[in-house]
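Undergrad: Sequence:
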Amino acid sequence: RGCHTRGILPGGLGVNRRAAELHDRLLLPCRYEGADEWVACLRGSEYQFSKVNKWIGCFAMAVNEENANFGRIVTAPTNGAAGVIPAVLMYYLCFSGEEVGEDDIVKFLLVAGEIGSIFKKGATISAAMGG
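First residue of the sequence shown: 1, per this note's numbering; consecutive thereafter.
Read the hints as simulated data drawn from the structure, not as lab findings.
Heads up, none of these hints are tricks.
Calculated cross-link-like contacts (lysine to any residue; reagent style SDA-like; alpha-carbon spacing at most 25 Å):
hint, residue 1, residue 2
1, K54, I8
2, K107, R43
3, K51, C41
4, K54, T78
5, K121, V111
6, K54, V84
7, K107, L93
8, K51, D36
9, K120, L109
10, K54, C41
11, K54, T75
12, K107, V88
13, K121, T75
14, K51, G34
15, K121, V106
16, K54, L26
17, K54, P86
18, K54, G44
19, K51, V84
20, K54, Y92
21, K120, V88
22, K54, D36
23, K54, L89
24, K54, S96
25, K51, A40
26, K121, L89
27, K54, C30
28, K107, L89
29, K51, L28
30, K107, V84
31, K51, L26
32, K51, M90
33, K107, I73
34, K120, L89
Make the full structure from the sequences, and use the hints.
TA: Right, here's the structure in full:
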């Protein structure tokens, strides 16, 4: 949803959503109907390093815009960083060149959770708590 939603984010500052515009620039001229065709278009995109990096940024920005719009997101590890895991997962699904199944996604999330746990044990996640 975040890659396709346009408009102004709430809060009174007049901040425009940017992920949908970036998405459209990166995906042109591919047309799709539905999620499966969308992913197929993404997989058919150029695998240039700079373009893939823009896609990762687009995915992360889309999640963060959903957060700013009071949408439902997963806090991972904080709302401010909630776009990181979905963006990396989308990279894995669309640009790794591998056939990714449900078991692979579960393993990805478990490893990401364990890495987050290692960091959490040695540091504070909240900037307010850490000073």
